[in-house]
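Peer 1: The listed protein sequences correspond, in order, to chains D and G.
To convert, note that position 272 of the first sequence is 272 in the numbering used here; the numbers rise steadily by one, no gaps.
To convert, note that position 276 of the second sequence is 276 in the numbering used here; the numbers rise steadily by one, no gaps.
Treat the hints as calculated values from the structure; they're not laboratory data.
All residues carry an ideal CB built from backbone N, CA and C; glycine is no exception.
Among the clues, some could well be false.
Stated by the list, open to error - Residues of chain D placed beyond 10 Å of chain G at every Cβ, according to the derived structure:
#: 1; residue: Asp-52
#: 2; residue: Val-53
#: 3; residue: Ala-67
#: 4; residue: Glu-113
#: 5; residue: Arg-115
#: 6; residue: Leu-138
#: 7; residue: Ile-140
#: 8; residue: Phe-153
#: 9; residue: Gly-160
#: 10; residue: Ser-161
#: 11; residue: Glu-171
#: 12; residue: Val-176
#: 13; residue: Asn-206
#: 14; residue: Ile-253
Unchecked claim - Partial pick of chain G residues on the chain D-facing surface, computed with a CB cut under 10 Å:
#: 15; residue: Thr-57
#: 16; residue: Val-109
#: 17; residue: Glu-116
#: 18; residue: Tyr-118
#: 19; residue: Ile-121
#: 20; residue: Leu-258
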Amino acid sequence: MQQVLNGLTLGSIYGLVALGLTLVYGILHVPNFAHGALYMVGAYVSYVIMVDVGANYWLAMLGAAAAVALLAVLCERLVFNPLRDAPPIHDKIAAIGIMLFLEALVQMHWGAEFRRMPTPYTGIVEFAGLTMPAQRILIIVGAFSLMAVLHLFLKKTMTGSTIVAMAQNREGAFLVGIDANRVAMMTFAISGVLAAVGATLFAPINLVYPAMGHLLIMKAFVIIILGGMGSIPGAIVGGLIIGFAEAFGGFYISTDYKDIIAFALLVVILSIKPTGLFTKGVR
Amino acid sequence: MNALQKISEFFMTPAMKIVMILAALLFPFVASNEYQIYVMALAFVWAIAVYGMNIITGLCGQLNLAHGGFFAIGAYTLAILTVDHGWAFWWAFVAAGVSGALLGFLAGVVSLRLKEHYFAIFTLCVGFIIYLLIDKWEELTHGALGIINIPAPSGFGLVDFTETTPFYYLALVFMVLSIWLAARIANSLLGRSFRAIRISDELAASLGINLMRNKVLAFVLSTTYASVAGALYAGMVRFIGPAEADVVHTFDMITFLLVGGIGTLMGPLFGTLAITWLTQSLQFLEEYRMIVFGPLLVVLVIFFPRGVVGTFLTWRGRRLAAAHETAQKESASEKKPSSNKATTPRNQEAGNHA
Numbered sequence: 001m002q003q004v005l006n007g008l009t010l011g012s013i014y015g016l017v018a019l020g021l022t023l024v025y026g027i028l029h030v031p032n033f034a035h036g037a038l039y040m041v042g043a044y045v046s047y048v049i050m051v052d053v054g055a056n057y058w059l060a061m062l063g064a065a066a067a068v069a070l071l072a073v074l075c076e077r078l079v080f081n082p083l084r085d086a087p088p089i090h091d092k093i094a095a096i097g098i099m100l101f102l103e104a105l106v107q108m109h110w111g112a113e114f115r116r117m118p119t120p121y122t123g124i125v126e127f128a129g130l131t132m133p134a135q136r137i138l139i140i141v142g143a144f145s146l147m148a149v150l151h152l153f154l155k156k157t158m159t160g161s162t163i164v165a166m167a168q169n170r171e172g173a174f175l176v177g178i179d180a181n182r183v184a185m186m187t188f189a190i191s192g193v194l195a196a197v198g199a200t201l202f203a204p205i206n207l208v209y210p211a212m213g214h215l216l217i218m219k220a221f222v223i224i225i226l227g228g229m230g231s232i233p234g235a236i237v238g239g240l241i242i243g244f245a246e247a248f249g250g251f252y253i254s255t256d257y258k259d260i261i262a263f264a265l266l267v268v269i270l271s272i273k274p275t276g277l278f279t280k281g282v283r
Numbered sequence: 001m002n003a004l005q006k007i008s009e010f011f012m013t014p015a016m017k018i019v020m021i022l023a024a025l026l027f028p029f030v031a032s033n034e035y036q037i038y039v040m041a042l043a044f045v046w047a048i049a050v051y052g053m054n055i056i057t058g059l060c061g062q063l064n065l066a067h068g069g070f071f072a073i074g075a076y077t078l079a080i081l082t083v084d085h086g087w088a089f090w091w092a093f094v095a096a097g098v099s100g101a102l103l104g105f106l107a108g109v110v111s112l113r114l115k116e117h118y119f120a121i122f123t124l125c126v127g128f129i130i131y132l133l134i135d136k137w138e139e140l141t142h143g144a145l146g147i148i149n150i151p152a153p154s155g156f157g158l159v160d161f162t163e164t165t166p167f168y169y170l171a172l173v174f175m176v177l178s179i180w181l182a183a184r185i186a187n188s189l190l191g192r193s194f195r196a197i198r199i200s201d202e203l204a205a206s207l208g209i210n211l212m213r214n215k216v217l218a219f220v221l222s223t224t225y226a227s228v229a230g231a232l233y234a235g236m237v238r239f240i241g242p243a244e245a246d247v248v249h250t251f252d253m254i255t256f257l258l259v260g261g262i263g264t265l266m267g268p269l270f271g272t273l274a275i276t277w278l279t280q281s282l283q284f285l286e287e288y289r290m291i292v293f294g295p296l297l298v299v300l301v302i303f304f305p306r307g308v309v310g311t312f313l314t315w316r317g318r319r320l321a322a323a324h325e326t327a328q329k330e331s332a333s334e335k336k337p338s339s340n341k342a343t344t345p346r347n348q349e350a351g352n353h354a
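Next up, chain G with everything else stripped away, as it sits in the complex (with noise of 0.2 Å):
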């Protein structure tokens, strides 16, 4: 094994998720002012609602373009309530994933039987609707002035979450926890069952599988997601707009998605991350980033469709099947062909969604 492997090998390890997890709770302290830990705290927001595109994206393969529709109903139906109607801070929360949930069940029951390119198309549609009401419909959403004044979450009197670095950690925790569950999902029945689907329609119904009602849990996972990470956004910068529901946004998810690596476990996290500062490092791409951003998106599906992330994998996969063969070509002499054979693509199949 020579060192790079050992590195590669240490990625996969525990330790990591520890080493990760220890970085993050220490970054408060090295940071070398509050706006980088803002910066942070608002890419961990974001990257909620990007494990939720993952899901119905990158496990299911159902392009869904309205996602960032579903991060402004999140962000609209905390505001809306907290403002307006005087609710706590986390009654509302629960209220925005609920709305998040209901509304992505509607939206999922009427597109998702439709198929890949009628479905991209339909929820850009979705997209569109939603940023519309939210623009015209000033009664409920107080039109294109947005709503201002939004609280933050409330601390209990422990901690004010209106400083920068307590929400900081609050941010973190959510994220990880959307990671432990995108985990769970991923690894589960359900997960394999969702991967049976993107692979295809027509060998997951014949195994038994359910394509409407998993579709639509797909969805409505991933729109809970979304609506999540739109709440906290709001609790967050305590200020929205129609902007919010900007197709932009969902397309910038796209970007993250495809960074990282569409369909691994860490692959949204390290993309949106990576994005997020490349843009803050670059300001004057804060308007024009997209001219960096299209080409970069255009020359990833190409050459490295799986992104950061999955590239790292396949590679990985590569050098160890590699190294079985060697392995099992030294033994052959010796021993019958064993199951060694079968076991190759599967732990590489595994290795591929850790």
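So here's chain D without its partners, still in its complex pose (with noise of 0.2 Å):
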């Protein structure tokens, strides 16, 4: 039951995650690999507003999700906009050169230490026999939530549905009038916030440094991949096998080899179906 617990914390995140990099996939066709650095970008906002600045837990999630989102339309902007028409290798690379620029960036910034982020939820839940860290029920409450609100904006909103009707079919999208520069940079605009706001959440419980977002954006990664790139509920359902398949694995097999479950999953599944488990034939 307790792995039950992990399983559902670990796979809100990922789901969090996941989510921004399928909609920015289901929308531009970037794999943006920047992603994670976005995430780590998203804790260190957080960690300065909160220890430096000395404000409060949420205020801290605003301000990152604020920042990252600003970001991630920059980055839009100065890189993926005027390389939408190259080769597809082209744009893996730019967004491996974002990364690789915001790595180095905040390390030189704030060194290559490993921090802890102070979170005002630090007790612990007893309910039926079990132990809760409030801080992950914090977690799988915030990012359900979030996973909620985004999907009514993406079907009761009108600029929702523009997200949801250039992904399905870009020039149909044109036609009847969508700008595309607009819902592009709203879609970034959210992925960014979808990985700030999982940073803060999941940043007490974990480390706050420079590579965190390495392994975290190669298990967003897969998750799409399982769930279909650009499928929304596929990135939500991904997240979760991940995750229950980590805690479960970890703690039935071996913690030294936890993270490698999540790719050996990949390497099966994909042997088997190289589409992925639940896309619908298009590519």
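Work from the hints to combine the two standalone chains into their complex.
Peer 2: As structure tokens, then:
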């Protein structure tokens, strides 16, 4: 039962990060390798707001979300927009360039050491014989409510619908007068917000350091491949699958090889079904 | 022909090759200290790996992000066989190449079923699995401690490769061989098939090119290059750790490749040497080099996606085509439209891969 909780915690964070990736992929067909760096920057921004400025946890989350959203939009404007007609290999290399730059910048400014992020929610909740750290509950509740808000935004609002329309059919979206630039910027902003919120939620039970995004971004990629690139429910379900696989694998097999489970799963699944688990034929 | 054009033409002649090889041979005599020779030898070793990457990524158009992992596989195969099992260096060296090829084949057969982004992401994961295995499988790889006291290449009692200068020549020989082989591949039917695949899978398939077989072949060639370079690296540095498999090395190699010119023959060498010396001369950059190289990558793919060598070749191709056109115009009155027009693009194409 403890493992279920762990799995749910991991899964909801993975889901959040993968959602940001899958949204960007769905719109622009760019695998944004820099997404993990955005996540990392988000963690640092909220760390700074909380520790150096001394602000409230939620304020820090808000600040990080705004900062990373801005950064993501900047990336879109300066890098991905000029590259929209280039061969796909260029987008990937440019995304890697952004990632390397952000990581080096953070490392230069804050150093490579590990930092612990404080959280106001340090209590432990006892419920039906289960001990649950409050932060974990916050992660699960926070992540799922954000997913719900995102879902409502995409389904119920006009601006949300433009994003969905772009993802479904680019030319069709242009025909009905959707402004591609605006949608692209908005998508990057949303993915930035998701990354920053995920980072602020997860950082207190993890650590903050420049390479923190590496492993996570690779797992997020595994998730969106499993879930089908560009598919929103796929990202959430995939996130939970990987989260549970890691929690149970770490418990029953070996904690040393915990991180490998996600990748091994990917290799196995792709060897059997090269298009991912939930894709609907189109790639 | 103006002076600039004459110089540019000289770059394309066979004499240039001899000049370059001579310069490389003489380098240890003009280098001011041993460290410079060491850096140059290390750059040659990396260049070999970058040539491997050029085959799968430059020629065949598949972004392989596991390349650093295969470099580490070569290094570790050599280190484990020589240190733990007492093999002679050159046998272990051959085994390193073979293991790179075999593991590359296995990874290639699975990963090349995927296209474009999926392939890049999958290979990124493969690279990470390699890193994790090296880091965690302590019985085999000594884990985070790494492997020390790797023997230098044996010189059969004639030369001592623990010295820097002999090793420099050894690395040079291997690099020249690598470039020669890369040139042979690029200009063969095989290389042309690879380029057809880069342009379009469907186009290549409709020409009767077996996609899977060619892609796997390109992948295996590239991983063999990487593991041979890794084995040389292990013999040179003589200490290796899990950090060799870090994805950062793959990104370094992409930078080398992109700066020099992806898909060109001399690009990998030029990029590796240029960036290695740039990093060396700006010592403070060592740790934070990515602050410069990250944006450099972005600027390059946006404005000069073909790198230095590629941009030069394009420029030269344009000049030739322009010269050709004026010549054609002058002779147009007396001659009937000849086949010159048809040969122009082909010349350009041949130049691009020279």
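Peer 1: Hints first: check each against the structure and report whether it holds.
Peer 2: Hint check:
1. At the 10 Å boundary, the C-beta of D/Asp-52 stays outside the reach of chain G, the nearest C-beta of that chain being 22 Å off.
2. Non-interface status of D/Val-53 relative to chain G is upheld: no Cβ of that chain comes within 10 Å, the nearest being about 25 Å off.
3. No Cβ of chain G approaches the Cβ of D/Ala-67 within 10 Å, the least distance being about 19 Å, so the stated non-interface status holds.
4. Non-interface call for D/Glu-113 relative to chain G: holds, since the shortest CB-CB distance, roughly 14 Å, exceeds 10 Å.
5. Annotated as non-interface, D/Arg-115 keeps its C-beta farther than 10 Å from every C-beta of chain G; the closest such distance is 19 Å.
6. Every beta carbon of chain G lies more than 10 Å from that of D/Leu-138, the smallest distance being close to 29 Å; the non-interface claim holds.
7. At roughly 26 Å, the least C-beta separation between D/Ile-140 and chain G is larger than 10 Å, which holds for a residue marked as non-interface.
8. The claim that D/Phe-153 is not at the interface with chain G holds, since no C-beta of that chain comes within 10 Å of its own (minimum 26 Å).
9. Annotated as non-interface, D/Gly-160 keeps its C-beta farther than 10 Å from every C-beta of chain G; the closest such distance is 25 Å.
10. Listed as a non-interface residue, D/Ser-161 keeps its Cβ farther than 10 Å from every Cβ of chain G; the least gap is roughly 26 Å.
11. With a least beta-carbon separation of about 20 Å from chain G, D/Glu-171 lies farther than 10 Å from that chain, consistent with its non-interface assignment.
12. No beta-carbon of chain G is positioned within 10 Å of the beta-carbon of D/Val-176; the least distance is around 27 Å.
13. For D/Asn-206, the non-interface assignment is confirmed: its Cβ lies about 18 Å from the closest Cβ of chain G, beyond the 10 Å cut-off.
14. No beta-carbon of chain G is positioned within 10 Å of the beta-carbon of D/Ile-253; the least distance is around 12 Å.
15. Interface restraint check for G/Thr-57: the shortest CB-CB distance to chain D comes to about 7 Å, inside 10 Å, so the restraint holds.
16. This hint holds: G/Val-109 has a C-beta 9 Å from the nearest C-beta of chain D, less than the 10 Å allowed.
17. Nearest Cβ of chain D to the Cβ of G/Glu-116: about 5 Å, under the 10 Å cut. The hint holds.
18. Interface restraint check: G/Tyr-118 against chain D, minimum CB-CB distance 6 Å, threshold 10 Å, status holds.
19. Look at G/Ile-121: its Cβ gets to within about 5 Å of chain D, closer than 10 Å, so that hint holds up.
20. The interface hint given for G/Leu-258 holds, since its Cβ lies 6 Å from the closest Cβ of chain D, which is under the 10 Å cut-off.
Comparing the model with each numbered hint stated earlier shows that all of them hold.
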